[in-house]
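Whole structure, please, built from the sequences with the hints as guidance.
Taken in sequence, the protein lines are chains V, A and H.
Read left to right, the first sequence gives residues 1 to 431 (the working numbering).
Read left to right, the second sequence gives residues 1 to 275 (the working numbering).
Read left to right, the third sequence gives residues 1 to 448 (the working numbering).
Fair warning: there could be bad hints in the mix.
[Unchecked claim] Listed next, the in silico DSBU-like pairs over lysine-lysine satisfying Cα-Cα at most 35 Å (straight line): (1) A:K191 <-> V:K228; (2) V:K70 <-> H:K196; (3) A:K191 <-> V:K126; (4) V:K185 <-> H:K237; (5) V:K185 <-> H:K242; (6) H:K237 <-> V:K126.
[What the hints assert, rightly or not] So these bits of chain H aren't anywhere near chain V, every CB distance computed over 10 Å: (7) Y119; (8) P132; (9) I173; (10) N375; (11) L378; (12) H402; (13) W420.
For the record, the hints were derived by calculation from the structure and aren't laboratory data.
C-beta atoms are modelled at their ideal positions from N, C-alpha and C, and glycine is treated no differently.
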Amino acid sequence: MTSRMLGIGFLSPAIIAASIFFLLPVLLTVMFAFTNMSTSTGIMGGDYRINTEQLRSVGETGISAESVEKLETAGFQITETGLAALADQFDEKVADELREDFLGESFAARRDLERVLRQLDDPIRKTRDRKAAADLFAVTIVGERFDTEEQFRAALSDTGINPADHDVLAEFAYTGWTWTTDNFKLLMELPSTVRFATNTAFYVVCTLTFNIIFGLFLAISTFYLPGKYANTFRAIWFLPRILPPVLYVLMWNWFTWDNGFIATVTGWFGVPPQNWMMQTAPRAWTVIILINGFVGASLGMILFSSAIKAIPSSMLYASEVDGANRWQQVRYIILPQMRWPILFMTSYQTLSLLTSFEYILLATDGGPGRTTEVWALAAYHTALNNYGGNLQYGLGAAYALALVFIGIALSVLYLRFFNFKELLAKPRIEQ
Amino acid sequence: MTANARIWPLVLILTIFSAPLVIMYFYQVVDSIAQPEPGSLVPGAIDVSNWRFLWERIDTGRPSIWVVTFNTFLFASTTAFLVTALSTTAGYALSRLNMPGRPYFLGGLIILHAFPTITLIIAIFIILQFLGLFDTLLGIILVKAALELPFGVWIMKGFYDTVPWEIEMAGVQDGASRLRVWWELVLPQVKPGLAALLIISFLSGWSEFVLPLVLAPGSGTQVLATYMNAVIQDDATADFGLFKAIGMFYSIPVIIIYLVFQKQLMNIYGGGTKG
Amino acid sequence: MTNEIRTSALAGAIAVLAGPTFAEDINITVWAGGSNDSDSYRIEAIEIAADILEREAAIQGEELNITVEGRRDFTGWDEFKQGITLGAEAGTAPSIVVTSHLDIAPWSQAGYIVAVEDYVDLDSWPLNNVYPNLMEIASYAGTQWGIPQDSESRPFFFWRETMTQLGYSEDDIDALPARVASGEYTLRNVLEDAKKAVEMGIVEEGYGFYPRPSNGPDYAQFYLSFGGELVDADTGKLVLDKASMTEFYQFFVDLVAAGATRQNHIGTDWNQWYNEVANGRAAFWHGGTWHFGRYAREGNDDFWNTIQFSLIPAGNDAGRPNTITHPLVYLVMNQEDDRVEEIAAQLIAIATEPRLNSLHAIQSNHLAVAKAQSNIDLYRGDRWASEATEVLLSSASSQPNHLQYGAFSEAMFRGLESAWSGVQTPAEAVAEVEAQMRATIGDDLIVR
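Next comes the structure, spelled out in C-alpha cells:
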C-alpha cells in the first residue's frame with residue numbers, strides 16, 4: 001500500500017466529519033442569513049394557503065376587487081356536483097334529503113354545514129364522516145392547505161378567480177421562507193447591534209487581559225514556590241478547567257446570590273442581602289469576567305508554566321550569579337521568553353471568547369436588562385431561545401455569519417503570523 | 001533559584017486570590033451533606049436527604065437519575081472513543097504520510113482548531129434533522145465528536161511528530177508495509193497520547209451542555225448537564241443543598257480522573273491548548 | 001357481580017359478532033410547558049381520557065391500547081418552545097402539547113399543528129360547554145386549532161399589613177378592588193404609596209412595587225393600563241401606541257427613581273421572588289391566579305387576611321383597569337399517522353370534561369374552562385376559584401393570536417428592560433422598539 005493511499009484512507013473519516021459538521025454548517029449559515037426563515041415559515045419550505053386573517057389584507061396586494069370578493073364570499077354551497085359525490089361516497093338518502101331542503105344554499109363556514117348534516121332526519125353520525133361530507137361542498141379555498149403551487153393554482157381556477165391574479169396570490173399564499181437581504185439591513189438599523197458589539201469587545205478585552213495577566217502571575221509565582229506549595233495552588237487553579245460548566249456556574253451562583261456566601265458575610269456587617277451577581281451591570285460584568293477569567297487563567301497558568309520550564313536553567317542561574325533580584329529576573333529573562341506563548345494565548349482565546357457563550361448563558365443569561373448580552377448569545381437568543389418561542393433562524397444566522405467571517409479572517413491572519421511553514425516539514429519516508 | 005526565598009508574601013497573595021475558589025470547593029462538599037443554617041457558615045448536622053435524588057424522583061415529571069447518568073456515560077465514552085480513533089489515524093496521516101494537499105489539510109485543521117463552531121448550531125440542527133438524528137444520543141455524539149476532532153488530531157499529530165523517524169525507517173527497510181509499521185511500531189510509541197486524548201475527550205463530553213440542550217431536548221436523551229440545569233432552573237425548588245448534591249454526584253468521575261491523572265492532564269493541556 | 005359478568009359476556013359476544021378484531025396500539029406523547037408538580041393533571045387528564053377512550057372502543061368491540069407518555073421537566077418556556085419547534089421540524093414532535101394560545105398562529109402557519117376541528121365535533125359535549133370566549137382564544141383565522149386547557153387571570157396584589165401602616169383602614173382595603181375597577185385608584189397612586197412605604201421604612205428599598213421578574217404576558221397589561229392597544233379591531237393589525245408605550249416604560253423608570261423598585265429587578269430568582277411576596281416583604285406586586293397555592297407553600301396559609309387582590313389599575317385617563325387571561329391550550333401536533341392525530345384530538349376533547357378539568361383547576365389554582373364546572377362540588381367549594389372568577393374574569397382580555405405577536409411582545413419587553421435598567425431613556429427605548437417592530441413586523445403593524 002502506498003503512503004498516499006494510506007494517507008487518504010487515514011484522513012478521510014476525519015475529513016468527512018469535518019465536512020458534515022464544519023463546512024456544510026458554514027455554507028448553510030451563509031445561506032440562511034439571506035432568508036426570512038423563522039418559526040412561522042418553518043425550515044423545510046411551506047405550502048399554499050389563505051386564511052381568514054390574511055383575507056383582511058388581501059386587498060392590499062393589488063389584485064382586482066372582483067377577485068377579492070370571490071375569495072371572501074365563497075363558502076360551502078349545496079350543488080348538484082357535491083350531492084352526486086355525497087351520494088356516491090356516503091348515502092343516497094342523505095343526498096336526497098339535503099337536495100330537498102338545502103339545494104342552492106350557501107354556508108359561510110364548514111361548521112354551519114356540519115350542523116345541518118348532523119340534524120338531518122337521517123344524519124351522518126360519525127364526526128369525521130360529517131367533516132369529509134361537508135368538504136365535498138367546499139367552493140372556498142380560504143383555510144385550505146395546498147401542498148404545491150399547481151394544486152393551489154388549480155383551486156384558484158375552480159373558484160373562478162381571474163388568472164391575471166394567480167401569480168400575486170400564489171406569492172401571497174406561500175407560507176414558507178423566501179430569499180431576502182433584510183436581515184443585514186435590520187442589523188445595520190438596530191441600535192442594539194452596536195450595543196452587542198460593544199459588549200462583546202468589552203467582554204473579550206477584559207477577560208483576555210485578566211486571563212493573561214493572572215495566568216502569568218500564577219505561572220511565575222508557582223515557579224518560584226517550593227514544590228509543595230506550587231502543586232497545591234496549581235491543583236486549585238486547574239480544577240475550574242475540567243469541572244462541568246453547569247456545576248462551576250452553580251458554585252458561583254451560590255457564592256454571589258442573595259443567600260450565598262458574599263451576602264451572608266456582608267450581612268454580618270449590616271449590608272442588606274442582595275444578589276451580588278445581578279444587582280447592577282458592573283457587578284454582572286465583574287462576575288462574568290471572573291467566571292470566564294478563572295477558567296482562562298487556569299489555561300494561561302498551564303501554558304506559561306510549561307514555557308517557563310523550557311527556559312534553560314543555566315540562564316536563570318547566571319542571572320542570579322550576576323546579582324539580579326527576583327523582579328529583574330522576571331522582567332529581563334522570563335517575560336521576554338513569554339512573548340510567543342502570550343501571542344498564542346491571545347489569538348487563540350480571542351476567537352474562543354468571541355464565539356462562546358455557555359458560561360454567560362448559565363450565569364446571567366445576558367441580564368440584567370441585556371447589559372451582558374454578547375454577540376454570540378444574541379445569535380442564540382434570536383435564533384433558538386426566547387420566551388415567545390419566536391425563533392428567527394434567518395436573523396440569527398446573520399448574527400452568526402458575522403462571527404464566522406471574523407473567525408475565518410482571524411484564523412487566516414494567525415496562520416500567516418505563526419510560522420506555518422515550520423509545521424510543514426516534509427515526511428522523510430518517500431516511497 | 002530558591003536561595004533568596006521570601007516566599008511568604010507570595011503565598012499570601014496567592015492564597016487571597018485562591019480564596020474564592022477554595023471556599024466554593026469547600027462549601028460545594030459541605031452543603032451537600034451538612035448545610036449550614038441560613039445566615040451562618042458553620043456546617044449543620046449531617047443530613048443525607050439532599051441525596052434523595054438517588055433513590056427517588058425529586059419531581060414526578062423528571063426521568064430517573066440513573067437513566068440520565070447512563071446517557072451521559074454513553075455519550076461521553078462513545079464520543080471519546082470516536083475522537084481518539086479518528087484522530088489517531090488522521091494525526092498520523094498529517095504527521096508522517098506524504099499525500100497531495102497535505103499543507104491545505106494542515107492549514108484547514110488549524111483554522112478549525114481555533115474556530116469554535118457553537119455559532120453554527122442552527123445549521124448543525126438542520127443537518128442532524130436531515131440525517132434523522134435530531135433528538136438522538138447518536139446525533140449529539142457525532143456532532144460532539146466532530147467538534148472535538150480538530151483538537152484531537154492536533155494533539156495526536158504532536159505526539160507522532162516526536163516519534164523518531166528511525167523506528168519507521170527500520171520497519172520499512174525490513175519490508176513491512178506502512179500500515180504494519182504504523183500498527184506495530186509507531187502506535188505503541190504514542191500510547192500516552194491515546195490515553196490522554198481518551199481522558200480529555202471523555203471529560204469534555206461529560207461536561208457538554210449546549211449541544212444536548214439544543215439538539216437532544218427529549219426526555220429519553222437527557223444528560224446530567226441538562227438534567228442538573230433543569231433542576232436548578234425549576235422555579236418550584238430553590239434548594240442549594242440538593243443542587244450541590246447533584247453536582248457532587250455529577251462531578252465524581254471528574255474528580256477521580258483529576259486525582260489520578262492530574263499531572264498528565266496539565267501536561268497535555270499545556271501542549272495542546274484548548275479554549 | 002353477576003351483572004358485570006353478564007355485561008362483559010355480552011360485550012364479548014358483540015365483539016365476536018362484529019367480526020374479527022385486531023388490537024390497535026397507539027402511542028401518545030404529551031409535552032406540557034411551564035408545568036410543575038401541581039400542574040400534573042395537564043398530563044394525567046390525558047391518561048384518564050385514554051382509559052375512557054379505550055373502554056368506549058372496547059364496548060364497540062375494538063381493542064384499542066393507548067400508551068400515554070408525558071413530559072414536563074423543561075427548564076423554562078424558552079427551552080420548551082425550542083424543543084417543540086425543532087422537534088416539529090425534525091418530525092419528532094409530541095402528539096399533544098399544552099402551551100400558550102399565542103403559539104397557535106405561528107405554529108399553524110408553519111404546519112406544526114393540525115386543527116382539532118377536523119377531528120372532533122365542536123357542537124357536542126363537552127366542547128359545546130366550554131366558554132365561547134375561551135374557544136375563540138384557542139382559534140386562529142377562522143379555524144379551531146386547539147381546546148383551552150385552563151384559564152386564569154393576572155391580578156394585582158396588595159399586602160394588607162403594609163396598607164394599614166400606610167394609613168388605609170380595613171374598609172379602605174376591602175374597597176380597593178372596586179376603586180381600582182372604577183379607575184379611581186391608579187398606577188400613579190401605586191407609585192406614591194410604594195414610594196411612601198419605602199420612605200416610611202415599612203418595606204426595604206426596592207420592595208415598594210415588586211413586579212414579575214421575567215418576561216411574560218403580564219407586562220402587556222401595563223401597556224393596556226396606559227391606554228395602549230395590542231391589536232386594531234378593524235384591520236387585525238398589531239398596534240404600537242408610542243405615547244402609551246413611553247408612559248408605560250416611564251412608570252417603571254419612575255418606580256426605580258423613587259426607590260420603590262430595583263433597577264435590576266428583572267432576572268431575580270423566581271423562588272426568592274415567591275417567598276418574598278408571600279411573606280409580605282413587598283408592598284405591591286402582581287402575579288397570577290395560580291400564585292394562590294404557591295403562596296401557601298411558601299408558608300403563607302392565611303391568604304385572605306394578609307393579601308388583597310384587584311385588577312391591574314389604570315395608568316392614565318386613556319387607559320383602563322384590566323387583566324389578561326392567558327389560557328394554555330391543548331394542541332394536536334402534525335404526525336405522520338393521521339390516526340394518532342385523531343386519537344389525540346379525541347383525548348383532549350375527553351380531558352375537557354368538567355370533572356377532569358376541575359381536578360386541574362383546583363389542584364393548580366387555575367380557573368374553569370367550561371360552564372358546567374361551577375356545578376361541580378370540587379370547583380364550587382373553592383373560595384379562591386369562585387372569587388377570582390368574579391372579580392377578575394369579567395374584565396379579562398387576552399393577547400391576540402397573531403403571526404407576529406411573538407416578535408411584538410419580545411420587542412416590547414426588550415424595550416422595557418433597557419428603559420428599566422437605565423440603558424436607554426423611555427423615549428430612546430420606544431424609538432428602538434419602533435425600529436425593531438417596523439423591521440420585523442412590517443405591514444402588519446400600525447404605529448400611532
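To see whether the hints hold, each was checked on the structure:
no., hint, in the structure
1, A:K191 <-> V:K228, "holds, 29 Å"
2, V:K70 <-> H:K196, "violated, 63 Å"
3, A:K191 <-> V:K126, "violated, 71 Å"
4, V:K185 <-> H:K237, "holds, 23 Å"
5, V:K185 <-> H:K242, "holds, 23 Å"
6, H:K237 <-> V:K126, "violated, 38 Å"
7, Y119, "violated, 7 Å"
8, P132, "holds, 13 Å"
9, I173, "holds, 28 Å"
10, N375, "holds, 26 Å"
11, L378, "holds, 29 Å"
12, H402, "violated, 8 Å"
13, W420, "violated, 6 Å"
The structure fails to meet hints 2, 3, 6, 7, 12, 13 from the earlier list, while all remaining hints are met.
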